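We have chain A; now place chain B onto it with these hints.
Listed below, chain by chain, are the residues.
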Amino acid sequence: MTNNNRAINLIFTRRVLNDLLVNGTSEVFNYVVQRYVNDPQDKTHGQIFSEIYHSLGEDNRNEYYYMNTLLNKLLVGIHSVHTTTALSQLHIGQHIADFVMLNGEGKVYEIKSDLDNFDRLHDQIQDYFSAFSKVSVLASIHEYDRVQKLLKDFGDMGEAVGIYVLSEDDTIFSKSRSKEPQQYNEYLSHTNMFKILRKKEYENIILDHFGEIPDVKPVFHFKACLKKFEEIPILEAQNYLVQELKKRNKITRVMFNDIPTELRSVVYFSQMYRKLPQLQELLQTNYAEEK
Amino acid sequence: MYFPYFRGRMYELLALKELVADGKLSNSIIPIIEPIKLTSTFNNLLTTFDAADHKLAIVYNPEVGDLSDSSDGIELMDNNCVIPSILVNKSAISTVAALKSQGIQEKDILAVLNKRDFIETYQTLFDTDSPKYTIASKDRQILRKAKSPKVLFDDKFSKREKNADYLKEDDEFFSEDHLYYSEEGFEGFGDYSIIGNEYNEGGFAPRAVAIHIVYFAKNNELRIHHFVSDSNFDISDVAGKFNEAVLKLQKWYSSQSEIQLTYALQLLLNHAEEGTYPGLPTIKKLSMMHHMELIGKYLGGSKKG
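Chains as they are written, first to last, in the numbering used here: chain A, 1 to 291; chain B, 1 to 305.
Bound conformation, chain A alone:
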C-alpha cells in the first residue's frame, strides 16, 4: 500500500470527525481532500465525505468500506437497531474480532478485504468460537475460492464457518453465493467469555444468577466472580454474555437513519451519535467556510 492509500484509510475515523467537530479542521481530512476532491471549496463536508467514500468503493475497498457495508446491510436491511447491537474491535482471547452482531445470539464476522492476509485465520476463528457460536468470514469475491479451501482444512470447525462475499455491486447476503454459519460449541470457554466483560457487566450477571456477589478482598474479586461464572452452564453463560454486550450500544432508529450512509459505522461504533446535531451541522457546512 502506498502512503496515499493509508491517508485515505484514516478518513473515516473518530479522530478525523472529532477534529472537525472540535477544531473545525483536520490535517488528515485536508490532505485527502487536496489529493482526491476537485473544487472542494464549493462542496459541503457531507458531499466531500460521500465523494471520498465512493472513490473507496470503486478502487480501494478497505476494511472500513467492508465494515460499513456490513453494518448497513445488517442493521437496515435484516435486523432492527432496536433489537440488535453491533460491536467492532472486540477482544476475544488473544485476537480482536472486527465485527460482532448481537441480537438473540452473537455472530462474529471476520472481514478479509483484498488487502488483508489469511495467515492467522485459523487461530482467529478458534478464539471467536471460544465466546460465540456463529462465526463467518466476509471476503471479496476474488477470495471466495481461497477462503472456502482454507476453511476445508480447518475440519469440523471450518465446516461451521459461514462465508459471505462483498460483490462488485456491494451485495453481501446473496443466497446463491453465501453459506450460512452453523452453530459450533466445541471451543466455548467460560474464561474467554468472562474476560470480554467489564466489571459492572460481570457483576450484573453474577448478581442476576446467584443473587449475590462474592464477598472477598478486592484483589480476589475478579477471580471469585470468574469462579462463580464457571458454575453457570456454558450456553446459559453465553446468553448472559450476549445480553450484557447488547447494552453497550444504544441508538434509536431515528438517529441511525439520520446518519449519512457513508459515515454510519464510524459514528455508530464511536458512539458519536451523541453529538448528532453538531455533526449534521458540520456536514452541511461548506468546506471553504471552515478555512
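Rather than coming from a laboratory, the hints here were simulated on the basis of the structure.
As the structure is a prediction and not an experimental result, all values here were calculated from the model.
Hints are supplied without guarantee of correctness; some may be wrong.
Said to hold, decoys possible - Here are the simulated lysine-lysine pairs, DSSO-like style, with alpha carbons at most 30 Å apart:
id, chain 1, residue 1, chain 2, residue 2
1, A, 179, A, 134
2, A, 227, B, 248
3, A, 195, B, 248
4, B, 37, A, 275
5, A, 199, B, 162
6, A, 195, B, 168
Just chain B now, with coordinates in the frame of chain A:
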C-alpha cells in the same frame, strides 16, 4: 544534595506533594520538574512547596508534552520556592533572555546540560557568571565543561520493553553516585528515579504489573528489586496481578532484616496485607515516594525523623 528529575506526570506531582506536605522530603532533595501541562495539580504542588519553604526547580523550556511547542515557554512563576531552570538546547538563549528581562540573573538559574552539541551554547550563556547549579549528564565532554557547582546526573533505571522482562533479572545494581559525588567534586547527584528517561504519553493496560523498590545493600550501594506478577498472559485482572507482585514484595521484605522501612513502603505492605488494589499510577507514586524518602534519610536533613 540529590536532584531527581521528573516530567511532571500526575502521579509524580502527587508523590512530591504528599512527601512535602507530610514533611517527608529532605531539605537535601531538590526535585527538578519539566512540566508537561499547567494543571491544577501542578499549581497545588507549587503552593505546597512554597508553604513548606522547600526549593524545587522548574524547567522553563520543556522539550516533551503539551508545553514543548509553545515558543515563549511557560509563564514565569512568581514563587519564592522555584529555582528557574533551563534545558541547554536550541531554545535556551531566548529562554534565558526572557528570564533576564524579569530580573533573573544567570547565577540564579539551574542549567540542565545533557547534549554535547549545546556545550558551546552553555559556555556562551554562562561565560561570566556560572549558573546556580549545572546538572551535568555523565558524559566525559559535558563533565569537563560543566562549571561548579555541578551535579552528576545519570539515568540509572534500566527500562525494559515489557514489565514481564523484569522477571529475568529481578534484582540489579542501581547507583553508587551518592557514595562518591562529593569527593569527585560534585555538589550533588541526580537521576530519573525509578521512572527512567524515556517519556511517553499516557499508558495502556499492561500484561504484567511491576513494582520497583530501591534499597541500600550492605556496602551502601543502591540496588533495585523488581517485583513482577506471574499471570502475564493477557490484560485481564490487573488487581490480581498487583496482588501477585505485592505478595512477593511482602515476602522479600520480611526475609531481609536490613531493608529500611519507609512510609510509602509501609503503604504498599498494607495493600499486601489487606488485599486492596490502589491502581497503577498509585503503585508508581508509592515506589517513587519510597525512593525519595530513602535517599532523604541517607542524606539527612529530614524535617521530621
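Now the hints, each set against the structure:
1. Pair hint residue 179 of chain A plus residue 134 of chain A holds up; C-alpha atoms about 12 Å apart against a cutoff of 30 Å.
2. For a cut-off of 30 Å, the pair hint linking residue 227 of chain A to residue 248 of chain B stands: about 24 Å separates their Cα positions.
3. Taking the CA atoms of residue 195 of chain A and residue 248 of chain B, the gap is about 25 Å. The hint holds against a cut of 30 Å.
4. Of the pairs offered as hints, the one joining residue 37 of chain B and residue 275 of chain A holds, with about 28 Å between alpha carbons and a cut-off of 30 Å not exceeded.
5. Our distance criterion of 30 Å between C-alpha atoms is met by residue 199 of chain A and residue 162 of chain B, whose separation comes to about 25 Å.
6. A hinted pair counts as satisfied when its Cα atoms are at most 30 Å apart, and residue 195 of chain A with residue 168 of chain B qualifies at roughly 28 Å.
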